[in-house]
Amino acid sequence: MNAIVCMKQVPDTETRFQVSDGAVVEEGIQYVVNPYDEYAIEECLLKKEAVGEGKVTVICMGSDRAREAILQALALGCDEAIHLNDPAFEGGDAFTTAAVLASAVRKTGEYDFIFTGKQGVDNDNAQVGILLAEMLGLPHVSVVTKLDIADDKSKAIAQREVEEGKQEVETSLPAVFTAQKGINEPRYPSFRGIRQAKKKPYTIWTAADLELDPAMLDARSELVSVELPPERGGGRVIEGEPAEAAKVLVRLLREEAKVI
Amino acid sequence: MSNNILVVAEVRDGAIKNVTFEMLGKAAALAGEMDGVAEAVLLGSGVADQADLLAQCGAAKIYVADDPALETYSSEGYTNVLSSIIQQIEPAAVFVAASATGKDVAPRLAARLGVGVESDCTDFALDGDRRLLITRPIYAGKIIATVKLKTTPQMATVRPNVLGAPEPDTSKTATVETVTVDVGEVRAKVAGLLMAEGGEVPLTEAAIIVSGGRGVKGPEGFEPIRALARALGGSVGASRAAVDAGWIDHSHQVGQTGKTVTPNLYVACGISGAIQHLAGMKTSKVIVAINRDPEAPIFNYADYGIVGDLFTVVPLVEKEVEELLAK
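Top line first, the protein sequences correspond to chains A and B.
In terms of this note's numbering, the first sequence has 26 at position 26, counting the first letter as 1, and numbering is strictly consecutive.
In terms of this note's numbering, the second sequence has 299 at position 299, counting the first letter as 1, and numbering is strictly consecutive.
Each hint should be verified, as a subset may be incorrect.
Computed Cβ-Cβ distance ranges for the label pairs, DEER-style [said to hold, decoys possible]:
1) A:Y188 to B:D123: 33 to 43 Å
2) A:P229 to B:G128: 21 to 31 Å
3) A:L228 to B:G128: 23 to 33 Å
4) A:V25 to B:N300: 20 to 30 Å
5) A:E110 to B:N300: 18 to 28 Å
6) A:G54 to B:D35: 24 to 34 Å
7) A:D151 to B:D127: 49 to 59 Å
8) A:R251 to B:D123: 26 to 36 Å
9) A:R106 to B:G128: 37 to 47 Å
10) B:P219 to A:E53: 49 to 59 Å
11) A:R16 to B:F311: 24 to 34 Å
12) A:E14 to B:P219: 22 to 32 Å
13) B:D35 to A:K146: 23 to 33 Å
14) B:E220 to A:G240: 25 to 35 Å
Straight-line alpha carbon distances no greater than 25 Å define the calculated DMTMM-like cross-link-like pairs of lysine to aspartate or glutamate that follow [as the list claims (entries may be wrong)]:
15) A:K146 to B:D249
16) A:K247 to B:D309
17) B:K189 to A:E163
18) B:K148 to A:E163
19) B:K189 to A:D112
20) B:K150 to A:D124
21) A:K166 to B:D309
22) B:K319 to B:D169
23) B:K319 to A:E255
If you're looking for bench data, these hints aren't it; they were derived computationally from the structure.
Please read these numbers as outputs of a predicted model, since none were measured by experiment.
Even glycine gets a Cβ: it sits at the ideal position worked out from N, Cα and C.
Take these sequences, add in the hints, and give me the full structure.
Right, dumping it as structure tokens:
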């Protein structure tokens with residue numbers, strides 16, 4: 001069972017951002033493996049373990065800083081890593097990221113499926129996995145909460161989250177899946193895993209190593225400005241015994257806030 | 001390229017969803033400034049008779065692709081049909097709902113067309129060149145970004161419940177054009193739908209949400225939360241703590257790794273107000289916090305708060321709501 005997982009490194013979700021000179025301040029930010037990619041990594045590892053053989057390749061586009069996150073993926077159990085590291089890859093958008101990943105995937109060996117997290121918690125685009133599928137000419141299922149792969153690997157049945165509940169989607173393989181929280185419980189790396197990570201194959205590819213169509217490297221999206229959202233101040237705490245406070249609250253919601 | 005904006009109607013269970021009208025209202029206003037009009041495309045099976053509603057909310061022309069092959073959504077099928085329509089009519093911009101379906105088809109469609117798409121947008125304006133200036137939250141809403149697209153059509157998925165729908169104008173009519181449908185090869189097909197329990201309004205569309213956090217202490221602790229939600233006609237949400245503890249399904253989670261919600265009323269019970277939870281609900285119109293801890297950060301963001309045991313307070317609030325609504 002050969003799987004490719006595409007991951008990225010993002011600011012920790014605890015981060016409180018500042019804006020200075022029209023840009024997000026980068027000092028002092030802690031970086032982590034994108035939380036949704038942890039689910040993707042775990043699902044690939046589970047599928048490989050269920051079959052007892054295969055390879056999980058992790059691909060990450062990022063600067064030198066991403067090495068730490070990539071080693072984490074290797075420590076969890078991925079077998080090899082491809083680090084797409086080139087200044088030419090910076091300053092792009094979801095479209096160019098998917099184009100770079102697609103060319104890296106084409107250069108990697110055979111695979112049964114590709115997994116990404118459903119979105120990066122930095123840009124919240126929720127696009128790269130789906131763009132990647134279209135660029136590779138593969139079917140995709142996004143926001144996957146459960147995945148079952150047929151024994152002969154010809155097809156898979158995925159559950160995906162929709163407004164009313166869950167959709168069951170049947171797809172041929174290979175396919176691209178984007179992972180939603182709840183698909184599995186990501187493991188923690190073992191000490192052994194952490195030690196072994198540094199010995200696993202770790203390849204760095206630059207733009208020169210990939211066959212890239214320059215037109216696909218032009219960012220489609222352009223950032224004009226960023227700002228902090230309007231501050232939401234606190235309101236009033238309603239005093240009194242619970243029964244009285246409840247009465248006052250409901251009256252205020254009806255008469256003052258007009259929401260009920 | 002025309003100066004028109006095409007809105008892809010969001011259809012679920014055979015009905016056009018409100019976000020469609022919100023998009024049409026905005027599209028009509030923007031297109032007007034561009035000397036163009038808003039148009040709509042309606043995909044589905046047995047949906048053609050709803051075209052009137054689209055006209056009443058601002059569509060000057062409606063493309064109808066009504067075919068049994070489109071009854072069930074597929075990303076490839078819808079991408080094939082929509083890309084063909086878009087390549088024919090060459091709109092300046094295309095709006096799609098930031099719904100489960102919209103977020104699934106829009107990127108595929110954008111890649112097919114070779115263009116960029118902005119996700120989960122909350123506002124639009126025009127710049128000096130009559131290109132869209134698009135507002136969207138990033139970092140789970142901790143930063144608000146303004147972005148532009150260099151490619152045409154400019155595509156965007158639009159967050160529901162933000163733009164507000166126009167009042168329908170029953171005097172408005174539109175030209176309707178039937179489109180021939182070629183779904184093409186579809187490798188990923190919907191095989192079934194498992195409905196969520198409770199039949200609640202989906203969280204991302206709910207006008208009222210009552211949420212439980214660590215303070216509910218267990219799965220049974222959600223009973224008073226559910227009861228208050230029922231009394232208010234609302235939906236049930238949860239913090240990550242409650243979901244990770246296994247007390248309620250992840251589909252109820254509100255927050256950075258859960259859903260972003262924009263209700264009129266959000267009642268947070270036993271939720272401390274961690275930054276990641278706030279990220280998912282701080283654009284609610286009115287926030288109520290009920291928590292035993294007077295120092296809980298949520299009180300800094302709530303419009304109204306009650307310091308107390310939620311197991312005492314929530315049932316009392318439910319009783320008051322029932323009495324009020326019975327009048």
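The hints, checked one at a time:
1. A:Y188 to B:D123: 33 to 43 Å: Holds, since Y188 (chain A) and D123 (chain B) (Cβ atoms, about 41 Å apart) stay within the stated range.
2. A:P229 to B:G128: 21 to 31 Å: 26 Å, holds
3. A:L228 to B:G128: 23 to 33 Å: 25 Å, holds
4. A:V25 to B:N300: 20 to 30 Å: 22 Å, holds
5. A:E110 to B:N300: 18 to 28 Å: Roughly 54 Å apart at Cβ, these two residues miss the hinted range, so it is violated.
6. A:G54 to B:D35: 24 to 34 Å: 58 Å, violated
7. A:D151 to B:D127: 49 to 59 Å: 55 Å, holds
8. A:R251 to B:D123: 26 to 36 Å: At 34 Å between Cβs, range holds.
9. A:R106 to B:G128: 37 to 47 Å: Given a distance of about 41 Å, which is inside 37 to 47 Å, the answer is holds.
10. B:P219 to A:E53: 49 to 59 Å: Between P219 (chain B) and E53 (chain A), where Cβ atoms are some 39 Å apart, the hint is violated.
11. A:R16 to B:F311: 24 to 34 Å: About 32 Å separates the Cβ atoms of R16 (chain A) and F311 (chain B), which means 24 to 34 Å holds.
12. A:E14 to B:P219: 22 to 32 Å: For E14 (chain A) and P219 (chain B) the Cβ distance comes to about 28 Å; the hint holds.
13. B:D35 to A:K146: 23 to 33 Å: 49 Å, violated
14. B:E220 to A:G240: 25 to 35 Å: 28 Å, holds
15. A:K146 to B:D249: Distance ~14 Å between K146 (chain A) and D249 (chain B) Cα, so the pair holds.
16. A:K247 to B:D309: Measuring from Cα to Cα gives roughly 16 Å; hence the hint holds.
17. B:K189 to A:E163: Roughly 18 Å separates the two Cα atoms, so the pair holds.
18. B:K148 to A:E163: Given that 25 Å is the threshold and the Cα spacing comes to 29 Å, the pair is violated.
19. B:K189 to A:D112: 18 Å, holds
20. B:K150 to A:D124: Judged against 25 Å, a Cα distance of about 20 Å means the pair holds.
21. A:K166 to B:D309: The hint is violated at about 34 Å.
22. B:K319 to B:D169: 40 Å, violated
23. B:K319 to A:E255: The hint holds at about 17 Å.
In this structure, the hints that do not hold are numbers 5, 6, 10, 13, 18, 21 and 22, in rising order.
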